[in-house]
Each structure stands twice: as structure tokens, then as C-alpha cells.
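Given these sequences and hints, build the entire structure.
Read off the chains here:
2 protein chains.
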Amino acid sequence: MKKILLSSLLIIQGLMLKAQNEDFTQYVDPFIGTQEMGHVFPGACAPFGIVQLSPETDSVQFFHEGKYNKEVYRYCAGYQYTDLSIVGFAHTHFSGTGHSDLGDFLVMPTVGKVQHNPGTIDDTSKGYRSMFRKETEAAEPGYYTVELDDYKIKAELTATQRVGFHRYTFPKSDAAHIILDLTHGIYNYDGKVLWSTIRVENDTLVTGYRITRGWARTNYQYFAMSFSKPIKSYGCSNNEEVKYNGFWRKFDQTDNFPEMAGKALTANFDFDTEEGEEIKIKFALSAVSTDGALKNLQAEVPHFDFDRTRSEVKQMWNKELSRIKVEADAEKKTAFYTSMYHSFIHPSEYMDVDGQYRGLDHNIHQADGFTNYTIFSLWDTYRAQHPLLTLIQPKRSSDMVNSMLAHYEQSVHNILPIWSHYGNENWCMIGYHAVPVIADAYVNGIKGFDAEKALEACLSSANFDSYEGIGEYKKYGYVPHETSHYGASITLEYAYDDYTIAQLAKAMGKESVTKEYMERSEYWRNLFDAHTGYVRPKTKAGDHLPNFDPLDTHGAGFIEGNSWNYSLYVPQNVGGLINEMGGKERFAQHLDSLFTMHIPDEYFEHTEDITREGIMGGYVHGNEPSHHVAYMYNWAGKPWKTAERIHEIMRTKYLNKPDGLCGNDDCGQMSAWYIFSSMGFYPVCPGSGEYVIGSPSVDEAVLQLENGKQFTIRAKNVSSKNIYIKSVTLNGQPLNRTFIKHSDIVEGGELIFHMSSRPNKKWGLEGDAYPYSFTPVKE
Amino acid sequence: MKKILLSSLLIIQGLMLKAQNEDFTQYVDPFIGTQEMGHVFPGACAPFGIVQLSPETDSVQFFHEGKYNKEVYRYCAGYQYTDLSIVGFAHTHFSGTGHSDLGDFLVMPTVGKVQHNPGTIDDTSKGYRSMFRKETEAAEPGYYTVELDDYKIKAELTATQRVGFHRYTFPKSDAAHIILDLTHGIYNYDGKVLWSTIRVENDTLVTGYRITRGWARTNYQYFAMSFSKPIKSYGCSNNEEVKYNGFWRKFDQTDNFPEMAGKALTANFDFDTEEGEEIKIKFALSAVSTDGALKNLQAEVPHFDFDRTRSEVKQMWNKELSRIKVEADAEKKTAFYTSMYHSFIHPSEYMDVDGQYRGLDHNIHQADGFTNYTIFSLWDTYRAQHPLLTLIQPKRSSDMVNSMLAHYEQSVHNILPIWSHYGNENWCMIGYHAVPVIADAYVNGIKGFDAEKALEACLSSANFDSYEGIGEYKKYGYVPHETSHYGASITLEYAYDDYTIAQLAKAMGKESVTKEYMERSEYWRNLFDAHTGYVRPKTKAGDHLPNFDPLDTHGAGFIEGNSWNYSLYVPQNVGGLINEMGGKERFAQHLDSLFTMHIPDEYFEHTEDITREGIMGGYVHGNEPSHHVAYMYNWAGKPWKTAERIHEIMRTKYLNKPDGLCGNDDCGQMSAWYIFSSMGFYPVCPGSGEYVIGSPSVDEAVLQLENGKQFTIRAKNVSSKNIYIKSVTLNGQPLNRTFIKHSDIVEGGELIFHMSSRPNKKWGLEGDAYPYSFTPVKE
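As you go down the protein sequences, you meet chains A and B in turn.
Taking UniProt numbering, I'd label the letters of the first sequence as residues 1 to 779.
Taking UniProt numbering, I'd label the letters of the second sequence as residues 1 to 779.
You may find that some hints are simply not true.
Remember, identical chains collapse to one label, so a pair may be satisfied in a single copy or spanning two.
What the hints assert, rightly or not - Pairs of lysine-lysine residues, derived as DSS-like cross-links and limited to a Cα-Cα distance of at most 27 Å, are as follows:
{"no.": "1", "residue 1": "229", "residue 2": "70"}
{"no.": "2", "residue 1": "113", "residue 2": "474"}
{"no.": "3", "residue 1": "243", "residue 2": "70"}
{"no.": "4", "residue 1": "67", "residue 2": "250"}
{"no.": "5", "residue 1": "314", "residue 2": "243"}
{"no.": "6", "residue 1": "152", "residue 2": "280"}
{"no.": "7", "residue 1": "716", "residue 2": "232"}
{"no.": "8", "residue 1": "152", "residue 2": "475"}
{"no.": "9", "residue 1": "653", "residue 2": "726"}
{"no.": "10", "residue 1": "232", "residue 2": "67"}
{"no.": "11", "residue 1": "232", "residue 2": "475"}
In case anyone wonders, no lab produced these hints; they're calculated from the structure.
Here it is in C-alpha cells:
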């Protein structure tokens, strides 16, 4: 027995070794999604790192003539692929968000006259920015390079978790400069920088920080910046009107004064360079202090060997990407691994190397026994991104739960995060979707966190009565329209979240909590209008709103969606919904019309997130509320239609080109959808412990699980035509139901799909074909 | 032997016990100096505490119609005795400064309509401020009380080192409020608050902080505020234009929203009160974090017993005041102990109870093995305030040296503090006067700091060439007028500081450093003009400036003074100066004319620090540069004239009334002058190890030294007429010289002055009558 176990382990290790020897980063194209809607960045980062060192191609302001500047939306990640000039390289970026922030610490190498303003996109000569040619630009996980034509400088970037590493190859010059602009930012506006400092500690080390008031209401970002070559001279401007300066007026911080402070600092560090001389900069971040940044710097990059760091980061990426080894054609491999890459950027490790981080209360906390993460875009990511991590990154998943529990403990509202970043709650979107993440983790056996505290946190979050109608939801059974014009969508999501509380409580053996929250999970029924067959907002008096238009997206009860789409948001009881909607056949027709209807242009006018590219009929893949919808055909007894829709979405909404993402990647959610779907299943209802089968697109996917086991998925004969499931076996046994359990996967084994060009309308209908649905579905 | 020692110890302990049983606080009148020029505050504080909880009688702004508002100067400590309304009670105040800052965290109890603005001094009904009657106001060390007539509230304040404790006795009301105004400040201006937050942690605990840009360029002040009674409701306004608010617009922080932030926050906390009901507030400070403030709160006041804290703080004061036990008439005792009180406010303990503090680099540091202090008004306090602490507070003196060395280590300029407060260097005034403080401590045997590092820090400070002409001073032997219009005064003070470096180096056996700095200590000669007999500014070319007027105070080479006064600033070589000035007789005449001359009004027009009240002829006691001058008659062989001047100054410049201080108390310097002088000696040249004898005014002063020894000074027959020294004995031996050594005192013993109404012109002339003067004085 022992021997067998040992040899199994050796085989697994061997496989993992093999997997790790393969260079998976070659399949990643960081430029995918960098044009238009994807909002991802092409720069360098380590897996789940807090540094995202990436080029900024414009410095768009949030306000234009006092009003919201729509143009800023395109620069959520600081970059648009079609731009031809670069402002500089900043150290923090969100990946794929639809609202933004960050862009901290812009560094730009220049030659010639010192300029402290960025110039304009039309005329780079007016500032420090530079033109570049697209053909000089290249990127791979953990590396980015471009040639800055205005200065004949080659720029290269790499990054560890906490350190951005720059290598600039200069021409010969007696006026080479590194510009550090603390005024630059994403979603920037005059006044965003509350305070900033720069300290020249010695001729190769500069420290400083800035505190900004952006989407993060109070964001503390500290840095330590280490040069490979001594600074010859330096200068600084402060582009603000200083009313009072104490006795500091004694000093002029313009030239070589080592202690600069203000609200609008831009500094230059000057060098003499030989032709081809490299100036390297290590730029470490911390949310704690400049001391913390320095510690991070010394721990992660204790040398100036750029190529070594680049290679180490590539190895880190390969380790993460090798967690799923797929066989597929080149195009699909690129789509798959680029999605993996995008899924492994956020949440990001948010603590210094010694475990210190700045909490929600702005105090410094110690992460004891876990790694602290931030950037929880939970309304997006609870759907598939977190379930993906729970499946293939259980250690990180556990750490993320602990991070959310720490947030809860620091919260003066006593709640889990809604949308949090850098020790801030930014309150974006709706629901209390940390709850399904925690429930999904617990139900799926993730260990390492305090379950009792987790349940307490979930219950506290679900009973924060003053937040977005929770009190009314409990009182009326729905969030009335008077309380919120998004009340119907909020009600639907609360009901789902409550289902997951019930699942968590059930798994913990808490009967009364289970019962209470199962009841709350049915509150979606309180807004379902049997007459029209849609979910509709209600007033406190209990009346549905008049003048109902199920396509209306303008705050008619729903956020980032309309009734047509949102009425399908009952993932916790698809069977019950189908029954309300008139049974299987009518429901299938309803879905058909969703995917094929024509939507008039006017419905797109006022939404940033939903565009023509992201839709199929009235189905919106570019935004999240419908991500589960294509899988609902299964409940209607038509899994082949799920296969058709899934393949169409994968084929048309995930293209290997800069504008290939049809919507914001949303911190990995869009990408996680692709990863699951291309393997043939999807977490329609996280917290249920089950995945719903769709239709795989890759030939093979081998999950290298952290418990040392493997789960292999094969799609025999799959092709662009063979998208239908003829039959399935799980560990050799026929599987004639449309779901598999999480436990099926983590125990290891083999899931074989036999694919065909024609639907097998009998597959998937047998027995317990309707996953976790406690309501028998009517024909 | 053992027995004797033991009995001696018992006697000493008995004496100390007796001393401690006497209530010295009864002799302190905190209102002395609170009117006009003293700039001290009447509120509650513990000895050397970081909390100074005191009433603000106006909220004057630094700017009026865009220009400096002279009126702000009167409110350096937030209070003017003649005002009849109180804005509120703030937690931080400088004692006696001539430039200001702080006034953090104004708390005001009110009844009725909630008002978030302070109102005006003319009409209290327009805001939360209140009228009060002077007869309801009372203060003693660690306690202040007043009745707020607009609200019928009795206010009482006490404070430990880190916690302000408020007790408000309310009338019956269903609208009782505690206002917390984070916009209030001293030397306040629109824009001073960079950021502030308020968190209602629960119904009795509120935390928060503010970061201000004032005299301290970046001041982090955190608080924890604990109520004795649960808050019924609360509200907050933010009086600024908020351009961008992220998703925080979801919330209205006006009412009961527990997480407020902004640049102009004022909050109200509401209560129902019964007639005579007390609401108590413990308000802890920290420069580290709100966690730090909470730790301080719990450590220092773990209860709500106001009277207990008041009594404990009184005990702390008695412990400190009992270090010198004087016998004198009531008037002199009040002047003496009020001076002691003022000398024991700053420097202030600047660290949390666990030793953490925010350093000059804004990082959090741990004070290892010492207590960290801040508020070093060194240009003032190196003269007598620090020497006083070195003499009677050697432990604190050692801690202060360590605090200054920590500052040096954190300084990016590698220098000791100039004028530092709250982890900031504010660069006020001239010289590098941490050097004489350190030298004086070392020469006088203060232990507990690293002497090698101390010397290194002194040398580094004396060679920070880019600071205020140090480079030129080394090159030309003086600071040329082109470099600084205060160059002559700077040169004189550098030369003195350099003498103290030489003394430090000498005591450490560093011969070459001693030699070098003794040479620098003679640089005063480079500006002495034998032709006029004054020190005069010079250009780089070596020419004295033309149009010389020794009375000119308008930047003609001198800061806060003129040539007449500053020419006497050679404390390190008075003999040398006298010789340059023509010998003893001429010098004595010169001093006589200084004390008796008439100064035209025009010389007072442009100086805030020097007023008619502070002068005697041309001698300016209200400012520091002349504090040693009255003692210089000794060198001229006329100690009886020193006695006359000293007694006149004590009698006319230190009056026991609110406007009794003739100039800014300057963090204890004015008071320390009085303490030394009334005991009969003064540190004319700190660093020399010697004190110069003047003429005592108290009957007896017993110094309870920390080494367990006592030094007793008796002035036999002293009276308002008997001001002259007939003879002196030290430990029974006749003393016919005009100085005593520090070592004479710390070894314990008895100094007996025999006083007379007529000068004994033969006393003090014998032998080594000219202390530490290495230049024999000409007749």
C-alpha cells in the first residue's frame, strides 16, 4: 500500500515537473483585451502581485470642464492599444474593471530638457511623454518592452509581487533623466492627491508616498526607489498654490533639496549616460510605510540583475499556469492561458513581506497565519473567478476568505467586503457577495479559516439593515422601489446570497439558520409577476411599477441590466423559476428568444458596460448578471442548446486580439467564465458544491490539484463542428446528468466527453439531472 | 559605614516624603502669562505630557483677506485672558511660543440646536461657542473649570500624559450635544487639514485622525474618544466642495453614518440629559494610529473616575514641583512654582505607551531604552530651560538627548533638530542649538546616551554646509550678508555652539576636534568692529555694511535683535569680548547704558516678539538673545550690578498676573531664567560646566537631586532691599568667586548667601573669579 502510494506520488510529481517544464507563458498574449472594452493592461506583474507595472498611454482626467469625462472610462487600465504615445510607466493598475483608480507612481525616462508635465497625446514634444512604434512593443507574463522614440530609449519592465523593476537603455547623453510624477493617476482629478512626499535618502535611494482620495476614499501608497547608478542631480516642482509654508520657505525644493512635500510633486533625477548604458530602477511598494517598501525591496529583489528577476517571475507564472494543462489548437490555448493569466492577477497580495498591512480602519495590522489579499470586485468575481480559485488555488482561496474575515473584523459596519481595495471599501455595485465566496469555499472543503466566525460575518453582512434596503428586504420580502431604483436586482441577488448562507449553515449543522436563509432565498418570488412572466420592481405598498418594459436598462429596478436578463437570476432555484415561467418548453423558448431578439440602439445609450459587441440578441455576455444563463437550457431538458450557446459565446466573445474581449474582464470574471466553459462545466450556483455541464472546447484539460491529485477532462472528437455531447463518462462510469460535484473533481479522476456534430437529445436527462434544484421542474 | 549610609538614605527619603506631602500646586497660577505676550495656556496637562487640554477663546485665522493676520499671533496658545467667550476645548497647545500650530480636536458641549460653526467672538449665538463669566473660571496644574453660560454647562478638564479627560455637567435636555470640530486649529487656514476621519466604533467609542499642513509640514494626529454614556444619535458635516466621491455618494454622512471622512469635518454627538447629569469624555492622542490612541487610553485612564485622574495628575505635578523646595514669601513662591510649572510642560513625551512614535521620516519607530520627546524650541531653550532639566531632571535630560539623536538618525540631512515638533523639523530660527544641549548634558555627567554618536551628530550638524550659511561660515569665518541678512547673529551663535562642541570633544579626549572647534568658537571676532565697538555684518568681500545703526532690528545682520544686544552674545568668551570692547570699566559703562538708554518707538514697529513691557532701556528681556547679559557685570568686576539688574528683572518682568510675563515664555525658557536667577545663579554658558552667580531672591531653595542628594541654597537676610551679596560660603568654606560648578551641586551640599542692603564691592573678585574665560580680562 505504502509503495503504491509512493509511486503514485512520484508519478504525480513527475507529471507536475513535466507540466512545469513546459513554457505556458508562450500561450499568453497580454495585449488581448487592451483595446476598447477589456480594460486589462499589457504591463508586467507577478501572479497575484500588488505591483502592476504598465505603460500609460494617456493621462485622461475624470472631469472635463467640470463634468464627468466619458473618455476616462477607456483608460481604466491606463492603456489603449491603438494609442501611439506613452506617458510613462505606473506601478498600480486594476485588471479589467469598469470603474477605476490607482496609476500610482509614474516613472518616465527622458533625454534633453527636463519637463515636468506629461504633454498631450497629440504633441509629445510639449511634455515628457514619447511616441513609440507598435512594432517595438512586446509583452509576456512578467515582462513588457517598448522603444521610446522621442528619446531613443529602450524601456523594459518586469515585476515581483511587490517590486517593479525597470531597465532603460539610454543613448549617450549628459542630460538623461528619470521623471517621477506623483500627480499622475487613473481616474485622476485636481485634488486627488491629498499629500505626497519624496525623500532622497542617498544618491541611489529615494523614498516617499502619496495619499489619494479616489475610488479608494483614502489610499496610502508608499514607495522605495533604488537606482543602479548614483543620481548626478535632481529637482522637483510642486504644481499647486501653497498658501502657508511655515518656515519651509527657507528652502527651495526645486533643486537638490532632499525632502520634498506637496500635493502636486513631479521630480527629475539626472544622469550622464554612455551610448547603450542601462539605468535600472527597483521600485517597491507598501501600504504601510516607506520602511515597509524598503523591506519589500530588499526581500524580493536584493540585486540589480533584471534578467534574473524577469526569469524568476516567468517561472512563477509557469507554476501558476501549469495548474491546468490543456491540449487544444494554438488559438484556443492562447485564449485559455490568457484567461488563466487574467484570472491570476487579482485579488492581489496586500501586505508587506513581514505580513503587515493597512486595514480598513487605516491601522497597521499583522496578517497572522494567512496571506492578506485585496481588490475584491465581488459582484463580478463571486460568479466564476472565486469558484475557479477555490477549485485550483485552494490555499489562496483560504487566504482570501481570511482576508475578508479580517476586513469584517475591521469594519465599523461589521460587514464583509462589497468591493474593496487597498484597505478601503468603495461600495461599488450591489449584494453581499463575499458570502457566496465564503460559502462556496467552505462547502467545497476549503480549510484554514474559522467557520464559526465566517458564518457570523455572513449573517452580520446579511443583516446590515441600513445598507441598500436590507432592512426593507427583511420586512417586505423585497427591496421596494422607493428604497432603491435597483431594488429588483438587489432582491434577486440577496436571495441568491441567502441561499449560500443556508448552504454554509447546513454544512455546519446549523438547522435554524439553514431554514431561515432558505426561506429568504425564495424572496425572488415576491417580485415575480406571473402575469408578464418577469421579475418586476414593487413599491412598498406591494404594487408592481406601471409602464413595464422588460428591456429598460435605465434604473427601472435593475442595475447594469434589465428585467429580461435579471429575471433569469435565480441560480439557486432554476427549477422553481422555470415552473413560474410556465414549464420547460416555454422556458426554453424564452431563452431562445433572449439569444436571438433584436435590441434597439437606444438601450445602449446610457450604459458604459454593455455594448453591441458583448451581446447575442438580448443576452449580454459583456456584463455579469447573465453569465449563468446559457447553462439554464439544461434544466429545460435541452443541454444541446447550452452547448450551442456556450460554443457561440466562446467563439465570438473571446477573440485573440487586442479588442477581443467583449466587455470588461472585471478582475478575471470574464476570463474565469471562459476557463470553466472551455473545460465543459461552470459554477452556475456557487455554494451548491456542483458544477453544471456545458460543452468543452479543448481536447484535454488536466487539473493539477493542490492535494496532489489530478482530474483529467477529455473531449473526444471535439471540433468547431463537434460541439454536442454524445455521452460522458466519469471515472469510466456513464454520466447521464448535467452536473458534476466539486468532490468528484478533488478526489481526482477522469471525465470523458464524447463529442459529436449532432445533438444527442437523450443525454443528460436521466435521474437527478437537475442539479441542486429542490423544486421538481414541470414539463 | 553601612548603617550611616542607610540612615542617610532614610533621612533623604523622609525629606522627600515630606516634600511630596506638601501641595506645591497651590503656588502655581496657570493664568499667569495667558494675557498678551506670555502665550501660555491655562488648561490641563500632565508634566511633559503630549496632551494640553485647554480652552480656545477665539478661532483666529492665519490669513485675513489673503494676507497674514497679525491678530493670530495673540492666539499662539489659543487663549487670551481678557476674552469672554469660549469656542471649545482643544487637546494640543504650545506653551509660550512665538509662532504656532496645533489646537487639534476641539470639543465643545452644547445644548439646543446643533451648530457646526464656531460663531463669532461678538455673537456666540451664531455658533456653538459660549459666553462665560471670569469668576466661574479656575485652574490649577492638571485641572481647569469654567461655566458655559449659553448652555448652563459646567466644564471641567484634566489630563494625563496622553489623555484629555472632560467632565461636563449638563442641565436637563433632550438636545444635549458634544461637538467635535476637526477644522479648528491654531495658526489655522483654509487648507490646513489635508485629511481627516471620524469612525463611530460603537455607541461609546469614536476614533479618527487628522493630517495637517501647518508649521509642522505634515502632522499626523490620531485620537480615541470614549464617552461615559451611550451616544443617542450623531451627525457630521463636511464643509468643503467634494469634487469626486467614488461610490461614497451612496451614503449620506450627515446622520448616523459611522465612517466619515473629508477635509472639513465637524461632528455632533447627541444625548438626553437629566438636570446635573455628567457626561465624561476620555480623549486619547497618538501620532501613530487610532489603535495607538486606544492603547494609550486604556493604559492611562482605564476608568471613568474624573476626580481620581485629577488627583493622580496633581500628584504627578507635586512630584515634579517638589524637585526644588523653596522658602519665600507667597508672591515669590507663586512666581517660582508657576515658572517650574511652565518649565515642565515641554519638551513633551512623544510616543505611545508602548514606545512607538512617528519619526521625522513619517515611519513608525520604537523608542528602545529611552522615552522619546518632541517640541524642541532649541534657539530659546538651550539657554536655561535645558540646563535646568540637566540639573534637576537628569533622566529626562538623557531621554531628550536620545530623542535628538533619534531625530538625527532619521534626518535625511543628517542633522540634529533645529526646532522640531511631532516628527517634523520646522526650521525655525537660527543656529544648531541641539549641540549645546547635548554638550551641556555630557559635560555635566548625564549618562544613558551614546557619546560617540552624539559627537558625530554634533559634527554633522555643524557641517551641514547648505544650511543657513554654514558652508560660508567655514570658508569666510562668518556668514556673509549676501548669504543671510541675519548673518551676524548666525555667526555669533555658531561660534558659541562650536565652543560647546569643543567642550564635548575635550571631555571625550578628542584633541583635534577640540582644537578645531575652539578655533571656530572665536569666529565672532571676524565680525567685531573695533572702530565702533560692535559686531557688524560683513559682505563676502570682507567689508562691514555701511550705514551702521546698532539699534536697527530690521534684518540688518541680526534676527530678533539688533547689534547693541547681539554684540554681547559671546558667552563662551566674555573676557575676550570685554577686552575687544576696551576693558572692564568701559564694558561696565557699556552695560549701564544698555540698561538705561531710551529706545525710540520706531524700533518696535516690526517685531512681534519685542515690546515695551519686555525691555529695560535697550535690554530686551522679552526675547532670548540677552538673557545672559545681566550676568556679564561679574566679568567687569561689578557683581553688585549683576545683583541690581537681576533683581530688577525678577521684580518687573515676572508679575503674578495674567499679563505678567513680558514676552513669550518660549517653552519654558523665560521661566527657567527666573528659576535659576531666583536661586542665585544662571547658566551663562551651557557646556562650560559652570553657573554664574547673580543674586538670589528666595530665602531657601533645596534641590532634591535624582542621585538622592540635596543641594541647599540659603539667602540669609534676603529682602527687597537686601539684594546684594555680602559673602558666600559653599559647604562652609568662603566662596569669593562668581561661579559654582555643576559638580559642586550634584555632589550635594550647601550654598549660603549672606545678603545685605549695600554692595560689598570686594566680594567675588578673588582668584579664579572669571569663570571658564580663557582670556584674561583687561582692567
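message: To test your reading of the hints: which numbers does this structure violate?
response: Of the numbered hints given earlier, those the structure breaks are 1, 2, 5, 7, 8, 10, listed in rising order.
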